[in-house]
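With chain A held as given, fit chains B, C, D, E and F onto it using these hints.
Protein chains in written order, with this note's numbering: chain A, 66 to 235; chain B, 98 to 452; chain C, 61 to 705; chain D, 23 to 423; chain E, 30 to 129; chain F, 196 to 379.
Worth flagging that the hints you see were computed from the coordinates, not collected in a lab.
Under the rule of at most 30 angstroms between Cα atoms (straight-line distance), these lysine-lysine pairs were calculated in the BS3-like manner: (1) LYS281(D) <-> LYS200(F); (2) LYS81(D) <-> LYS270(F); (3) LYS127(B) <-> LYS69(A); (4) LYS428(B) <-> LYS228(D); (5) LYS219(C) <-> LYS230(A).
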Amino acid sequence: MLPKLFFGYFAFAIIVLSLLVITRRNPVHSVMWMLLLFFQIASMYLFLNAEFIAAIQVIVYAGAILVLFLFVVLLLNLREELLTNRFISAWPVGLVFAGAIFAGAVSAVAAFVPNFSGQYTVDVINRETHTKALGQALYTDFLFPFEIASLILLIAIIGAIVLAKKRMRS
Amino acid sequence: MTGLFEAIVGPGSLDYIINLVIMLIIILLKIAAVVAVALLHVAYATYFERKVIGHMQLRLGPREVGPLGLFQPFADGVKLFFKEDIIPADADKPLFYLAPVIFFISALTSLSVLPFFDGFAVANINIGLLFLFAMSSLGAYGIVLSGWSSNSKYAFLGGLRSASQVISYEIAMGLSLVGVMMMAGSLNLSDIVRAQQHYPLGLFAVPQFLGFFVFVVAAFAETNRLPFDLPEAESELVAGYFTEYSGFRFALFFLGEYTGMLIMSAIASLCFLGGWGLPSFVTAGLPVVAAKVLGLFWFLAKVYAFMFFYYWVRATLPRYRYDQLMAIGWKLLIPLALANIVITGLVKIWIKGMV
Amino acid sequence: MNYYLLIPFLPLAAFLINILFGKSLLKENAHWVAILAVAGSWVISVATLIDVMGGKTLNQDLYTWVSSGGFKASVGFLIDPLTAVMLIVVTTCSTLIHIYSTGYMHGDNGYYRFFSYLSLFTFCMLMLVMANNFMQLYFGWEGVGLCSYFLIGYYFNKKSASDAGKKAFIVNRFGDFGFGIGIFVIFLTFGTIYYEPVFSQAGAFATKTVNFLGYDVHLMTLIALLLFCGSIGKSAQMPLHVWLPDAMEGPTPVSALIHAATMVTAGVFLVARCSPIFSLSETALMVVALTGAITSLFAATIGLVQNDLKRIIAYSTVSQLGYMFLACGVGAYTAGIFHLYTHAFFKALLFLCAGSVMHAMSGELDIQKMGGLKKHMPITYWTMLIASLSIAGVPGLAGFFSKDEILWMAYSGPSPVGKLVWLSGTLVAFLTAFYSFRLIFLTFHGKFRGTHEQEHHLHESPKSMTIPLMLLCVGAVASGWVGIPALIGENLGIHNYIAEFMKPVLGHPEGHGTHGEEMMVMLVSVAVGFAGIGLAYFMYMMRPDLPGKLATQFSGAYKVLFNKYYVDELYSAIIVRPTIWIARNILIGVTDARIIEAIVNGVPSAIGGFSRQLRKVQTGFLHHYALIMAAGVLIVMGLMLMRSW
Amino acid sequence: MEHSEPVIEKPFETKELTISMGPQHPATHGVLRLVLDLDGENVVKCTPYVGYLHRGVEKLGENRTYLAALPLSDRLDYISSMNNNVGYVNAVEKLFGIEAPERAKYIRTMVAEMGRLSSHIIWLGTHVIDIGATTPFLLAMTERERILDLFEMLCGARLTVSYPRVGGVRNDISQEFLDELYEFILEFPHRIDDYETLVTENRIWKDRTVGVGIISAKEAVNWGLTGGMLRGSGIDYDVRKYVPYDAYDKVDFMIPVGKDPGDCYDRYKVRVEEMRQANRIIKQCVENLPAGPVMADAPKFTLPPKDLVLRDMEHLIHQFVLITKGPSVAEGEVYVGTEVPKGELGFYFVSDGTGKPYRMRVRAPSYVHASVLPRLCKGGYVADVIANIGTIDIVLGECDR
Amino acid sequence: MVPLNWYLMLSAAVFSIGVFGFLTRRNIIIMFMSVELMLNAVNISLVAFSHYLQDLRGQVLVFFIVTVAAAEAAIGLAIIIALFRNKATAHVDDMNEMKG
Amino acid sequence: MTSGKILKTVFFVEILKGLALTFRTLFKHPVTRRYPKVKVPAKAGFRGLHALARNAEGRMKCVGCGLCGAYCPSKCIHIYTSEGDDHAKIVDRYEIDVLRCIFCGFCVEACPFGAITLSEHYEYSETSRGAFYMTREKLLENWDKYFAGPKGERYFKEFWLPQSNTYSSYEGQAMFRGRAKGKE
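Pulled out of the complex, with its shape left as it was, chain A reads as follows (with noise of 0.2 angstroms):
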């Protein structure tokens, strides 16, 4: 019961900051909603026994890219915007895709039952630490990809920096 009762206030909660994210004509506003989103998601993974990847939601998301987003709405400074309208005309059309979208994905998991056992269980984490497993598991069988991402950072680094850069008057 109080699991249920749990899962209900995060999926309650995260809908509805879902939701307040994509409608405020704010987009500061929206992006502290988005803070307290993320903040949810973090605190939900933690009932799923993925403490590091919660921590990593709020460095990563909340302590970075959100801030990232911050800062980029104040560099605008968009306050003549708050004006205008915040939807395309056509939004209805919108709505009934992502209906559709979301009538799909529900369809497609309603009936969905989990049928394998790992070897990582509960108490196996519990045991190793969950930072321990998934480090263990990141630099042995998925070393290759790690060093891929860390190469899409480089590149995402520089070519910020070369998309933002300042072009000197010449």
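Below, chains B, C, D, E and F alone, put in the same frame as chain A:
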């Protein structure tokens, strides 16, 4: 914390619920105790600072309110509470209200994972250090939002400066602690303290001197203290991001800043200076309770020593310029921290090879 | 683990310190860090050598770099006699050249940069020679290449320098391409890239063939030749030798360290290191020997007529490298390594002397504008003279022993081309003596031919430069005494220490010559050496007008030689220009103008009408695209759902 | 398809942020107002606005007798009023054609250098505190307090001293004063060492000042800079040395100079060294102080002795005439520049023969130095503006007059 | 015990909200945030899978998604800034230069 | 850069020196004067609040000549006189606007009779402007308050300037006499 979740995820029964409630009450009491004690310490940290810096400058510091001026923090608190709360016109009010709260809460939350003595922490979680990073990265929101929502140029400049400073130095700080994590093999703060007891002097500060140096500098920058207090550089930006705040909201920033210092000192004490650990010949003959009390004493002594260092440096050094600050962060500290990681790794492999 | 590890990591630490703090803190003190580190490495190398002589070897992994599937690579170290000798060569030269550089580079803007590159180079070179697997070897290989690129282009403001750097880099790519494939083939064949299992299993694959490009190729030959590709590039053998003379654009200490004593010999080291593989393939050995012989002859002839001080020495280096390959090719790896070892001393010395001369001449390199420097710079003169005597093979000096060893091995060895390469080697010895002394006579004797201002400026170099010269000079004289051939040594009771020392790693080819033959070979080589010196004396001291006359008389040959057999022009003609020509004429003129444009103009006009209609789909509005994407997702989702139903 | 302009990559036109620094701002030393146009942290343009403290000193001077206008000069540069007084009386003495007795000259030199010390201490403290170091400020203030105590002992006022008089000084010094002063100057060099320990070699201080606010010697001359600003750029010019007044030709001191082009650090070094030299001058003045009168015997120009006024008719008449009409001066004009802590302070008088100046003009170094501020700040960072304000060492009382 | 389906449905709901936001908002920054929302929806389902299937691979994937999201945010926001320089607007319907 | 300098840079020598200095200062005696609690007496001859002197009989010394008002640089002294029965000048009002006063002490120098004085009193803050407009009565009261007894006599002996000895006699002038005794 994992224990709690197990309890929740597992099958519920009445015993469970009762145990749960008792546990919750204990946790709440712990939280209350830690917050109350911490805030008291924060209050006296300001007093301590004013005294220390005063005497370093041939002054007396506060001494009029109460004996030796000991009630000065409360007098300040009362004054701030009753001051008029001014909100600038055109400020974004919700965010203006929210910003100091975020700043303060993010600092306060970090307290929950600090082990004050062996076996005592509000939450002894496995990712303690990561949790601290996560919380300190949230502080940036308070700063940016206060700067932006004030609708003031000085505040805005201060907010941007501070946010980029905090974000930049967070990297250096995180990397500086990686060496500690590697040596301790854990992110759990209690484990880190315990791991240190196998090292000479019971400190990581000795083998990790490079990391410690980077950490100290980054800690100063993270808490916006001299020589890195540019966000609130009085001579340039009046008061930086909280220029427009007054009264209670200002007090929240103020408290948040000092709590931040307290937490940085606590991290330094836990990760580099041996935390509650003390030479075993001292604890050996003592009963458990006394040893624990002594542990708390040691911990606090280390924290206060570090705090004293904060004040000491503030009394001595001038302030860096913005570009120099960034240059130090990115060009000196981060490479140094990376070098520290590499060296730590190599030495670790070396030692492994020798064994 | 033990202290051997400090050997590469001291220079690495020096590099890190210099690159991080050099600009801000150390500035003109940068050399201290580098010198201390390299000197430390040298001390440990000596200790290592002593250990190895005591029979100790080491093969250990330090750190697992990659462990993915069956592939495993690590940072690991192999210390055996070959490595020990290489360590001595690398650290000795490196230390002395570091010291020399403090004088040579004094006051340069990028002082700390120079020293950090030098340290990095030393680190990479040490990693190369100490590797216990091909991956790390390749790492060191590319690392030294990179440093070489940095250092050739050190004066990056100078276009010729940066061009030379690029040239070296690109030319090396050709070789490294083969080398890389070679390592892949090794991995495919043996399933590992560690020396020890590879070499021990090599025999089992001795007769295996693989299908390569439709031909059945002898597997070991394939591997050996692919590896040798790398050697050709790195050691500047025909036909990839073109980069080395150009590399002289770098600072002279760099030429001495990288392009004479250490990096370029990596190719020889590679062949020696992989001797178990090469020995299994007669074809490959023959290729090696012939390449070496041709290159040495070829470079020596070019060296005869060049006027640029450093280039002459550079061609001499190419020629001597050819010699080493020649030795390896006839199976005398020990002799090759021995020559590598002695060559490092006297060639580094030659370069440093050249640097000293440049220093005095304010950067002038044309030997036609020098002369009579002897009285101005006695130390440089005497050391350079000794180096030249050594390279010319005058008995008793280092060059004599190693060169003689090679020639004797070629003559007596089992190689089918042995006699041939012996002939060419002897000829090269003559040419070497000749051009070396041509250099000496033109530079140091006679009258000064430069400008008055230069003459006024002439001076001996500072102590920091001359002391390394003198130390190297000792090496150039004495380093050969560890390999005194049996012919002489037997009577004196001296062994051929180096041959014995190397035997466990490199083996020793059974010669089948008599003492008489050996004596003959030795006498011939000594005789041609003296003949070369004498001819040079005759042409440049007694009859200084003769060279000019000869040049006009045999102007065709002279021109060919002077223009280095037109190799650069040849490359330009057969590779660069045809490519451009094809691009310009065929691709643009025919393909593009006639064929493509016809299609391009015809089809588009047909399509144009259609696409003008179709284009309207592209509204430019992001939302439309997004909507279409969503629709696509929906369709895919629908299809999947339908399949599952 | 409609024709559209090809999209050319426009340079990113950032909106420049204009902030008004001052007149109420912690770092602008009074009521200086700077309007800064910022591009991020970079200063694109800096416009100083002055005049918030304008009191019309020059005009006031024209309505007072030469003798009575002296206290106005106190209030020009109110942290070194002694030096202003000395400048004023030197100019008036030249106009009157009288000369102060030897002892008075020594005393003036002595107290003027004390004024220089106190001014430089303020400059050092504020300059350093603006850059963030708080301790030197408070340590230095201790010493300034001692100087002010000495001033109080000397003439009964701490800040606006009005001590020198036309023709000498107000009163002779007391023995306690002299002894106290000597104690002070023996101790003071150690205090300078303390400040220097905290600042001079400090890497942060160097980072903040070296290469900031660079101005070449030639430019410095063209901008009309004087004092530490000029000497910081390597020009060896000091009024005390080149046009000596009072007892400056009888004491031995050096003029510290920086290098060309000079930056904030050079000016800092120059001024710190000036403090040491000032200390030296005071020491020499104390040791070589001659005996003798402290007022010139010039009854037409100086107030008569008080004890004689009521006894002697002639003196009483002088008293009345000098106070109500002012001294009678020949027509003419005079300019005298003196070296005050900020630079060259010049007084220019045009006399029409009456007891009041026809025109009184003050050449205020602070005004000149404030004008160079935009030149120094341009292209730097916001934080450099602070360093530059500190380094030009202006006092708005003098600047605005 | 909460069934896995619930998490997946929650994930689907958040994803659909993200899709809706992306399809209908005019402000490009909010559109970007919608993308982040969708990524987070996927993360939720991956972590849930990982937990229920007792396999860490799901979480490893989340780790990579976070990395890629960070890279994407950096590049995307840089593009937004570059766009803003030329158009001085953050509304996507004002950006139709790619129109055929 | 010499190696010594590098060492200094790496080990933060100059910063450590600064830290050592501040640490030493921590144990020095503070110089703060705890003003309202502990008052520092003004030095003799301090130019503080004005007072009008009384003569031996207790009458006001001022005769209303008006020199002080004429000399005053800030023009803050106002004297209103009238002719008395015996053609003597009667001072009706003698008023000083203390808020305008700059305490230069020129009025004291101008007064031929030693009537106007500046006392050593410096704590005269008030809450209204009116309190600073000193009338004759207030000024005389000041005299009683601050110059009662020998203090007043001493004032005229020492601080009533200039005096004839500033022109003529050099006996007992302050001269340099080495380090003062009793001060180590």
